[in-house]
Amino acid sequence: MLSAGVAHAATELVSNGGFETSSFNGNFTSSGTGSGLSGWTVNSGSVDLINSYWAPAAGHYSLDLNGGSAGTISEALTTVVGQSYTVSFSLAGNPDAHGIKNVEVGVAGVNHAFAFNSAGKRRNAMGWETEKFNFVANSSSSVLSFAGNSANTAYGAALDNISVAAAVPEPETYGLLLAGLGLMGFMARSKKM
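The numbering of the sequence shown is my numbering, which starts it at 1 and goes up by one.
Per label pair, the in silico range of CB-to-CB distance:
{"id": "1", "residue 1": "Thr86", "residue 2": "Asn117", "range": "23 to 29 Å"}
{"id": "2", "residue 1": "Phe133", "residue 2": "Val81", "range": "17 to 23 Å"}
{"id": "3", "residue 1": "Ala167", "residue 2": "Gly68", "range": "34 to 40 Å"}
{"id": "4", "residue 1": "Val80", "residue 2": "Gly26", "range": "39 to 45 Å"}
{"id": "5", "residue 1": "Asn27", "residue 2": "Gly109", "range": "35 to 41 Å"}
Okay, derived cross-link-like pairs now, EDC-like style, lysine to aspartate or glutamate, Cα gap no bigger than 20 Å in a straight line:
{"id": "6", "residue 1": "Lys132", "residue 2": "Glu12"}
{"id": "7", "residue 1": "Lys132", "residue 2": "Glu104"}
{"id": "8", "residue 1": "Lys132", "residue 2": "Glu75"}
Calculated directly from the structure, the hints in this document are not laboratory data. We put the CB at the ideal spot given by N, CA and C, even for glycine.
Work the whole structure out from these sequences, hints included.
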């Protein structure tokens, strides 16, 4: 097969998507509007950076989007106009108040709503789910934002593993492309004869 052995690696655009560049003692620490959160900016409300309070999706840290009030975080990403990107993240909810935890994810002028039901979840069994969507960059700088809008002000949606990378074609796509180009070359050569 023509595509065998081809390695594909997408460049990660998010800085600190797992909140792992933080370091503190204790269960959690709060950050309010205007605070820097290592790679992120808290634009409104407050958020809680979680250490050992509950089990993260990966690593040691995760984020509760509702600190003392519903919070919004954002990060500016360097993008290429017209390029397709995939956003993925792990979503759960603060289990201390059961119910639906809502988050709105915005990028390239489009908002995407996600919800997580934290009923029956516990700190050691959060039930993390992976969410994904694609967007096409319309600027060289695309702002990615996550806004908590859960009813329980101090118990919001939980985030981890935030990632944005260029959508990379599968290896089979390259094989089909090469086969198509070869066929076009063969047909062009046949017409000359």
